[in-house]
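Colleague: Read off the chains here:
Number of protein chains: 4
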Amino acid sequence: MTTASDNVKTRAAIIGCTGYTGYHLVDLLLRHPGAELTYLASHRAVLPDLRDEFPQLSGRLDDEVAQTRPIDFEAIAESADVAFLGLPHKAAMAYAPKLLDAGLRVIDLSADYRLSDQALYEEVYDVKHDDPRNLAEAVYGIPELFRKDLPGATLVANPGCYPTAAALAVAPLLSHSLVKTERIVINAASGVTGAGKSPKPSLHFPEANQAFGAYGVIGGHRHQPEIAQTLSRIAGHEVSPLFVPHLLPVDRGILETIYLEPHDPDVTEEELIDAFVDAYAGEPFVRLRESPPNIKHVVGTNFCDLSVRLTTQGDVKTVVVFAAEDNMIKGASGQAVQNMNAVFELDETAGLL
Amino acid sequence: MTTASDNVKTRAAIIGCTGYTGYHLVDLLLRHPGAELTYLASHRAVLPDLRDEFPQLSGRLDDEVAQTRPIDFEAIAESADVAFLGLPHKAAMAYAPKLLDAGLRVIDLSADYRLSDQALYEEVYDVKHDDPRNLAEAVYGIPELFRKDLPGATLVANPGCYPTAAALAVAPLLSHSLVKTERIVINAASGVTGAGKSPKPSLHFPEANQAFGAYGVIGGHRHQPEIAQTLSRIAGHEVSPLFVPHLLPVDRGILETIYLEPHDPDVTEEELIDAFVDAYAGEPFVRLRESPPNIKHVVGTNFCDLSVRLTTQGDVKTVVVFAAEDNMIKGASGQAVQNMNAVFELDETAGLL
Amino acid sequence: MTTASDNVKTRAAIIGCTGYTGYHLVDLLLRHPGAELTYLASHRAVLPDLRDEFPQLSGRLDDEVAQTRPIDFEAIAESADVAFLGLPHKAAMAYAPKLLDAGLRVIDLSADYRLSDQALYEEVYDVKHDDPRNLAEAVYGIPELFRKDLPGATLVANPGCYPTAAALAVAPLLSHSLVKTERIVINAASGVTGAGKSPKPSLHFPEANQAFGAYGVIGGHRHQPEIAQTLSRIAGHEVSPLFVPHLLPVDRGILETIYLEPHDPDVTEEELIDAFVDAYAGEPFVRLRESPPNIKHVVGTNFCDLSVRLTTQGDVKTVVVFAAEDNMIKGASGQAVQNMNAVFELDETAGLL
Amino acid sequence: MTTASDNVKTRAAIIGCTGYTGYHLVDLLLRHPGAELTYLASHRAVLPDLRDEFPQLSGRLDDEVAQTRPIDFEAIAESADVAFLGLPHKAAMAYAPKLLDAGLRVIDLSADYRLSDQALYEEVYDVKHDDPRNLAEAVYGIPELFRKDLPGATLVANPGCYPTAAALAVAPLLSHSLVKTERIVINAASGVTGAGKSPKPSLHFPEANQAFGAYGVIGGHRHQPEIAQTLSRIAGHEVSPLFVPHLLPVDRGILETIYLEPHDPDVTEEELIDAFVDAYAGEPFVRLRESPPNIKHVVGTNFCDLSVRLTTQGDVKTVVVFAAEDNMIKGASGQAVQNMNAVFELDETAGLL
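Quick mapping for you: the protein sequence lines, in order, are chains A, B, C and D.
Heads up: the first sequence runs through residues 1 to 353, numbered per the working numbering.
Heads up: the second sequence runs through residues 1 to 353, numbered per the working numbering.
Heads up: the third sequence runs through residues 1 to 353, numbered per the working numbering.
Heads up: the fourth sequence runs through residues 1 to 353, numbered per the working numbering.
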C-alpha cells in the first residue's frame with residue numbers, strides 16, 4: 001500500500017460509485033498516497049457491495065468501505081473532506097447543495113454544473129436547473145487551462161471526456177490567434193465505456209464488436225455546447241465547432257482529429273508547434289508528440305497526447321490537431337482526482353503517475 | 001454448388017493470389033455462378049498450395065486449382081478469358097502487357113494503371129512506369145460512376161479502397177455543383193487488412209489491438225492523388241482534398257466521414273439527399289441511409305452505404321457525408337468481380353449478392 | 001442473384017426471425033439457388049421491418065418480404081413448403097403442431113424437440129412439454145451422423161451449437177470403441193452471439209470485450225444433456241461427459257477441446273485418425289486437419305474442422321480432439337439449411353458453399 | 001510520484017528492457033515507493049530510447065534513464081542493488097554470473113534458471129547450460145508456495161506465466177492429497193503478449209484478431225516440464241500433467257481450466273474449498289472466488305484469481321479448478337517485483353496494489 005506523507009490524508013467520499021467513472025475513482029483513490037476513501041454511497045434501492053459490481057476491486061477494498069451506504073449528508077460530512085459525485089445529471093444538482101452546505105468540497109462528474117449559461121443547460125438537458133446559486137460559483141476544472149480557479153474552490157464541475165480533449169487540442173491555437181474560428185471540425189471517436197454501464201441493444205457485444213460508425217444526432221451531441229463554451233471563453237468570442245462523434249470497438253480511449261483553417265496562409269508548422277510548447281511546457285499530463293497519438297499509448301493514464309500538423313491541399317492549408325486521452329481517466333475520474341489535488345493544493349500529480 | 005446458366009462460364013485466372021485481395025477473389029469467384037477459376041499463379045519462388053495459406057479454402061478448392069502455378073503466359077492464355085492481377089505495384093505493369101498481348105482481359109488490383117498522369121504515378125510510387133501504352137488505354141473501374149467505359153474494356157484499373165468510398169461519397173455533390181471544392185476534408189478509418197498480409201511491428205496483434213490513431217504522413221497517403229484525380233474528373237476542374245487515414249482495430253471495413261462547404265448557404269438537406277437519390281437510384285451496391293452507416297453492416301458485402309447530412313454551426317453550414325464499405329470487397333476484390341461482370345456484360349451483381 | 005435450376009424452388013417461411021439465428025437463416029436462404037423466402041413472421045407485438053433490425057439486409061430483401069407478418073398458419077401453409085422456427089423454447093412447441101397439421105415440414109431451431117426423453121426435457125427446461133406426440137416423431141438433424149433419418153422427415157430438431165461440434169468430434173471414437181466413456185471432458189468456448197441478441201449486463205460490450213472465463217453452473221449447462229443423449233446413442237450405452245463452456249470475446253465461433261482416455265494404451269495416432277477418415281471421407285462439411293483448427297477458419301462457413309491427437313504424459317495417454325465451427329452456421333442456421341436440403345432431397349450443399 | 005519511506009530505496013537495473021516484460025518492469029518500478037530505476041540496458045546493436053519503443057513511457061521516464069545503455073557490469077554494479085534480466089534464454093545465463101559476481105542480486109525472467117534438472121533444460125531448450133553452478137543455487141520464485149526461499153536469495157528464477165497459474169491452482173489439492181496425479185489436464189488460454197513482441201505471420205493482427213485455437217505441438221509446450229517440476233515438488237513424486245495452450249484474441253490475460261480426478265469419490269466441494277482457504281488465507285495476491293474467474297478482472301493487477309468446483313458426471317466426479325492472472329504481471333513482471341520485495345524483505349505488496 002502506498003504510504004502517506006506525515007500530513008493528514010484528504011478523506012474522500014464517492015456518491016454514486018456503481019458506474020464506470022465511480023469504479024475508476026475508487027481505483028485511483030486507492031492508489032493515492034495522500035487520500036483516503038472513507039465513504040461509498042449509492043442511490044440504488046438495494047445497496048450493493050462494490051466488489052460484486054466490480055470483481056476487480058476484490059482484495060483491494062476492505063469490508064467496511066466496500067459495502068455502499070445510503071446517502072446520509074451528516075455521515076458524509078463527518079467522514080469526508082471532499083465528495084465526488086458520480087451521479088446522473090439532475091441527481092447531482094439535487095445532492096450538491098446539501099454537501100456544500102455541510103462544508104464539503106464537491107467535485108461533480110455529471111454535466112449539472114458544466115454549462116455556466118443556465119438557459120443553455122436547460123435546453124440541452126431538457127430539465128430545469130434546480131441550483132442556479134451554485135451553478136454561478138462552480139469552477140470548470142481543466143487544470144491546464146484554468147488552474148488558477150482551482151485552489152480552494154468549493155464546487156468543481158469536472159469536464160466531459162470529449163470537451164477535455166477538444167479544449168486542450170484547440171486552446172493553444174485560439175490563444176495565439178493562429179486559426180479562424182468559423183469552421184472548426186472536430187471528428188471524434190470514443191471507446192464504449194463513454195456510453196455508460198447500462199446495457200443497450202447498440203452496445204450489446206455482438207453489435208458493438210468490430211463495428212465503427214458515427215452516432216447520435218450529427219452535430220447535436222450534448223458535448224458540443226460544452227466544447228463551444230470553452231473554446232469561446234478562450235477565444236474571447238463565440239465559437240461553435242462542428243462535433244461528430246463515432247463509436248470505437250474498444251473499452252476505453254478517445255481520439256479527436258480536429259481540422260482548422262489558419263488565419264495566416266503563410267503560417268509555418270513551427271509556429272503552430274511553438275504555440276503548443278508555449279501552452280504546455282511543464283505540464284505533467286500533456287505530451288506533445290511528433291507522430292499522431294494513439295489511444296493505445298494513453299489508456300490507463302491521465303495523459304492527453306497532442307500533435308499538430310500543417311497540411312497543404314492545392315492552394316489552401318489546413319491545420320490538423322490530434323488529441324488522445326483515456327475517456328475514463330483524463331476524460332473523467334483522473335481529471336477529477338487532478339482537480340481534487342489542485343483544490344487541496346496537493347502535488348497535482350499525486351496518485352496519477 | 002451454384003449452377004451456371006446455359007452460357008459458357010467466364011474462365012478466370014488470378015496472378016498473385018497469396019495476399020488478402022487474392023484470397024477474396026478466390027472466395028468470390030468460387031461463389032460466382034457464371035465464372036470458373038482455372039489458374040492460380042504466384043510469383044513466389046516456392047509455389048504454395050493456397051489451402052495452406054488460407055485454411056478457409058480447404059474443402060472448397062480442389063487439388064488441381066489449389067496448387068499455385070508459375071506465371072506462364074501461354075498456359076494462362078489457354079486456360080482463361082480474364083486475368084486478375086493481385087500483385088504489388090511495379091510487378092503488375094510487368095505482367096499486364098504480356099497478358100493483354102496474349103488476348104486476355106486484365107483487371108489489375110494494383111495501383112499501376114490507376115493514375116492516368118504518368119508523371120504523377122512516377123512521383124507518387126517512386127518508380128518509372130514501364131507500360132505507358134496500356135496506361136493510356138486503361139479504364140478506371142467504378143461502375144456506378146464510369147459504367148459506360150467498362151463493356152469490352154481490355155484493361156481495368158481496379159480502384160483503391162479509400163478512393164472508391166470517397167468517390168462514391170462526393171460524386172453526387174460535385175456533379176450537382178452543391179459544394180465548394182477548395183476545402184474538402186476526408187477523415188477516413190480502415191481495418192488492418194488494408195495494410196496487407198506481411199507482418200510489421202505496428203500491425204503485430206498486441207500493438208494494433210484496441211488501438212486507434214492516424215497513420216502515415218498526414219495528408220500524404222498514396223491514395224490522395226487517386227482520390228483527387230477522380231474528384232477532379234467529376235468536378236471538371238482540379239480538386240485536392242485533405243485525406244487523413246486512421247487505423248481501426250478490426251480486420252475489415254472502411255468508414256469515411258467527409259466534410260464539405262455548401263456552395264449555397266441556403267441549400268437544404270433535402271436537396272443534398274435528392275442529389276444522392278438521383279445518382280444512385282437503382283444501383284444495386286449503393287445503399288442510401290438515414291442513419292450514419294456502420295462498417296458492421298457492410299463487412300462481407302459489396303455494398304457501399306452512404307448518408308448525407310447538413311449541419312449548422314452558428315452562421316455556417318457544413319455538409320457531412322458518411323461512407324462505409326468493406327475494404328476487401330467493394331474496396332478491392334468485390335469491385336474487381338463487379339468490373340469483370342461489366343466487362344463481359346454479365347449481370348453486374350452476379351456472384352456478389 | 002443465383003439462378004435456380006428448372007425445378008420449382010422450395011418455399012421457406014421463417015417464424016421468429018428477429019434473433020441472430022433468424023438473421024442467418026434469411027442470409028443463407030437468400031443465397032440458396034433452390035429455395036425462396038416467402039414469409040417472415042415475428043411473434044413480437046409490433047411487427048418490425050427486418051431491414052431495421054438488421055441493416056445488413058437492406059438492399060437484399062424486397063419490401064414485401066422484409067415486413068414481418070403475424071403468425072397466420074393458413075397464410076404460411078399457402079405460401080411455404082417448410083417453416084423454420086427461430087423461436088424461444090416453449091414457443092416453438094406451441095406453433096410446431098399447427099404448422100405440421102397444416103402440411104408443412106418444420107425445422108425447429110429451439111430446444112423443444114431435441115431431447116427425446118420428455119421427462120428430461122421438462123427437468124432441464126423447467127416447463128411441461130406440450131407436444132409429446134410430435135416429440136416422439138422428431139428427427140435429430142446432424143446429417144453426418146444421422147443422414148438416413150432426414151429424407152422426407154416432417155419435423156427436424158435442429159441441434160444446439162455446442163452439441164453439434166461435440167457429437168462430430170467424439171462420434172468416430174465411440175463408434176470405433178477407441179475410448180473409454182466414463183471421463184470425457186469437453187472444454188468449450190463460444191462467441192457471444194451464442195448467448196442471443198438481448199442485451200444483458202455481462203454481455204455489455206465493455207464487460208465482454210477482451211474478457212474470457214467460464215460461465216454458467218459448471219457442468220450444468222443445458223447443452224450437456226443434449227450432448228449426453230447423442231454420445232449415448234452412438235456408444236450404445238449411457239455416456240455423461242463433463243461439459244465446461246467459456247465465453248470468448250468474439251462474435252462467432254465455437255472451439256471445443258475434448259479430452260478422452262483411450263481404451264487400448266497401445267493405440268496409435270494413426271488408428272485414431274483412420275477412424276475420423278472412415279467416418280467423414282466424402283463429407284462436404286467436415287474437414288480433418290493436421291494442425292489444431294481455429295475458429296478464424298470456419299467463421300462464415302458451414303464447415304466443422306476436426307483434428308485428433310494422441311498425447312503421452314508419463315505412463316498415461318490422452319486423446320485430444322479439437323472441433324471448430326461457426327456457432328451461427330454449422331451450429332445453427334447453416335445446419336438447418338443443410339437439414340432442409342436433406343429433407344427435400346436437394347443437393348445437401350446447396351446454398352452452403 | 002509516490003513518496004518513499006525514510007529508508008533508502010532499492011536501486012534496480014533492467015537488462016533487456018525492450019520487450020513486453022521489460023516494459024511492464026519499468027512501469028511497475030516507476031510506481032514502486034521503495035525502488036528506483038537506475039539503469040536500463042539493451043543488448044541491441046543500436047541502443048534505443050525506451051520512450052520510442054513504448055510511447056506510453058513518455059513523460060514518465062526522464063532523459064537520463066530513458067536512453068538505454070550498453071551492458072557494462074561495472075557500471076551496473078555501481079548503480080544498482082538488483083538486476084532484472086528481461087533477456088531471451090541463453091543470453092540470460094551469459095550475463096547472470098557476471099552480475100552475481102559483481103555483488104548484485106539477480107531476478108531472471110528468462111527460462112535459464114527455472115528447470116533445476118540441467119539435462120532436462122538442455123533437452124527442452126536445445127542448448128547447453130553454461131552456468132550449472134548458479135543453476136544449482138537459483139531459487140524458484142513463487143512467493144505463495146516457496147516464500148521461505150526468498151529472503152536474501154541471490155538469484156531468483158522468475159517462473160513462466162502458465163506455470164505460475166498452474167502451480168497456484170493445483171498446489172492446494174496436491175499438498176492435501178485430494179487428487180490423483182496420473183491424469184491432470186490443464187486447458188490453458190493466453191493473450192498474445194505471451195508470444196512476445198516480434199511480429200510473426202500468425203500474430204499479424206488480421207490473423208490473430210477474432211481467432212481462437214490451440215497452438216504449438218499439442219502436449220509439447222516448453223512450459224509443460226516447468227509445470228511438471230513444480231507439481232512434482234509439491235506432490236513429492238513425479239507428476240506429468242497434460243498441458244494444452246490456446247491463443248486468445250486479447251493482449252493480456254491467462255485462464256487455465258484444470259481437470260483432476262479426486263482421490264476419494266466421497267470428497268465434498270467444501271473440503272476442496274477448505275484446502276484453498278488453508279493454502280491462501282492472508283495471501284494478498286490470491287483471491288478465491290465463488291464464480292469462475294475472468295481475465296477481465298485480473299488484467300493490470302498482480303492477482304491470481306482461483307475457483308474450485310466438484311462436478312459429477314454419472315458415476316464419476318471431476319474436480320475443476322479455474323485460475324486467472326495477467327500473464328504480464330503475476331505471470332511475469334509483477335511476480336518479479338514481488339520476488340524483489342521478498343528478497344530485500346520489503347513489504348511484499350509494495351508497488352503492486
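Check each hint, because a few of them may be wrong.
If several chains are the same, the list does not tell them apart, and a pair holds so long as it fits within one copy or across any two.
As the list claims (entries may be wrong) - Within a straight-line C-alpha distance of at most 27 Å, the following computed BS3-like cross-link-like pairs (lysine-lysine) qualify:
1) Lys180 to Lys317
2) Lys200 to Lys9
3) Lys148 to Lys98
4) Lys90 to Lys200
Derived from the structure by calculation, the hints contain no laboratory data.
Model, not experiment: these values are computed from the prediction.
Colleague: The structure should be examined with respect to each hint, and the outcome stated for every one.
Modeller: Structure-based check of each hint:
1. Taking CA atoms no more than 27 Å apart as the test, Lys180 paired with Lys317 passes in both settings, with 12 Å inside one copy and 15 Å between copies.
2. Taking the shortest alpha-carbon separations for Lys200 and Lys9, neither the intra-copy value of 40 Å nor the inter-copy value of 40 Å comes in at or below 27 Å.
3. Taking the shortest Cα distances, Lys148 and Lys98 sit within 27 Å of each other inside one copy (26 Å), while across copies they are farther apart (54 Å).
4. For the identical chains of this complex, Lys90 and Lys200 are neighbours both inside a copy (21 Å) and across copies (26 Å), given an alpha-carbon limit of 27 Å.
Violated hint for the displayed structure: number 2, the only one.
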